[in-house]
Each structure stands twice: as C-alpha cells, then as structure tokens.
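Engineer: Sequences and hints are given; from them, build the entire structure.
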Amino acid sequence: MSEGRSTLTLIRAYDKPVQFGFGIAPEADAHLQRAARLVTHREASLAALIDAREAAPGQVETLVAMFKLLFYQGKIAKAESLVRESLTKAALQGGFPSDWHQLDRDSAQWREPRGPARLYLYSLKALAFIRLRQDDREGAREILDTIALIDPEDNVGANVIRELHTGIERDDRDG
Numbered sequence: 002m003s004e005g006r007s008t009l010t011l012i013r014a015y016d017k018p019v020q021f022g023f024g025i026a027p028e029a030d031a032h033l034q035r036a037a038r039l040v041t042h043r044e045a046s047l048a049a050l051i052d053a054r055e056a057a058p059g060q061v062e063t064l065v066a067m068f069k070l071l072f073y074q075g076k077i078a079k080a081e082s083l084v085r086e087s088l089t090k091a092a093l094q095g096g097f098p099s100d101w102h103q104l105d106r107d108s109a110q111w112r113e114p115r116g117p118a119r120l121y122l123y124s125l126k127a128l129a130f131i132r133l134r135q136d137d138r139e140g141a142r143e144i145l146d147t148i149a150l151i152d153p154e155d156n157v158g159a160n161v162i163r164e165l166h167t168g169i170e171r172d173d174r175d176g
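Count along the sequence shown from 1, add 1, and you get the number used in the working numbering.
It is worth saying that the hints were derived from the structure and are not from the lab.
Just so you know, nobody snuck in bad clues.
For lysine to any residue, the following SDA-like pairs were computed, each having C-alpha atoms within a straight-line distance of at most 25 Å:
#1 K76 / G140
#2 K76 / R142
#3 K79 / L165
#4 K17 / V40
#5 K17 / R38
#6 K79 / T89
#7 K76 / I51
#8 K76 / A57
#9 K76 / L39
#10 K79 / L47
#11 K76 / V161
#12 K79 / R134
#13 K79 / D52
#14 K76 / N160
#15 K79 / R38
#16 K17 / E44
#17 K76 / E139
#18 K76 / Q34
#19 K17 / A57
#20 K17 / Q74
#21 K79 / R163
#22 K17 / N156
#23 K79 / A48
#24 K76 / H42
#25 K76 / L133
#26 K76 / R138
#27 K79 / E55
#28 K79 / G59
#29 K76 / L165
#30 K17 / H42
#31 K76 / G59
#32 K79 / L39
#33 K79 / R138
#34 K79 / A37
#35 K79 / Q20
#36 K76 / L47
#37 K79 / V19
#38 K79 / E139
Structural biologist: Structure, rendered in structure tokens:
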C-alpha cells in the first residue's frame, strides 16, 4: 500500500491485516482487525469497532473505520456524526482549526502521509461525499474546493468525489 495515498479501508486483501493507519494502539488494532474479518456481519463488525474506539478513544483511525462501516450500512446521519467527531479530534491533535472554512495550505502539514492532517483530509473527503448523498451539491463543492486548495496533489483521492459531483451536475444540465 502506498504511503502517499490513504490506506484506511475495511477491505481485506489477500487475507493480510488491514492497514487502518499508523501508530494505532495494539489493542485497538486487534479490534479493528476483528472488525475487518467480520465486515459481512454488520452487528459483530460494529461491536468490534466500538471495542476499538473504547480501547483507544483518542485515535481518529477508529472513528474513520466506524464512519465508513456506518456509511456503507446506509446510516448516513450516524456516519456524519462520526465524521464531524473525527474532524474535530484530528484538528485538535494536529493543532489547526477544525472549521474547514478557516484552512489554507499553511494550516497544517497536509502532505504528510501519516498523522492528524491526513486523517482530517480523509474525513473531510467523506463529508463531501455525504453532502452529495444528501443532495447538497453546493456544500459538497465548497468542501471539495477546500480540499483542492490544501491538498492540490490529491493525496486522499478527493478527485473521485469531484468527478462524481461534476457528473451529477452535467446530468442535471443535459436533462
């Protein structure tokens, strides 16, 4: 897995441990790995993610894993709540404003592949996707514009969401 791209995922590849992040407490990582193995068993996987969060309440990676699972389960409001919590925690840990409207290229070490800034960007990308799902295209566009400003190299893959946004806008124009 490339360090330049986000490696946070709930997909198991080749029966190897999933890389949820870096520096995760061993007990929390064990719960995250259990959640990944149980991903097709929604309640058991969620229980493992809750255990991971309780084992390491300060680790944003556990929140990211939880909001992804909840999003995939269609629990958008719960996922959004966890996205917002992850944005707040990552900003606090990274020493930059949690309000994405206040961010610029110099607010944090956005290019660093590990740490709070990357987790913040990843969570902000998730919020943009949630905005699209809620049919808040303007809100999604504003978030995507901020991500483009602070992550011009697109290290977190926000262009995928931007392309989806552009496609939706084009479809509406073309009827």
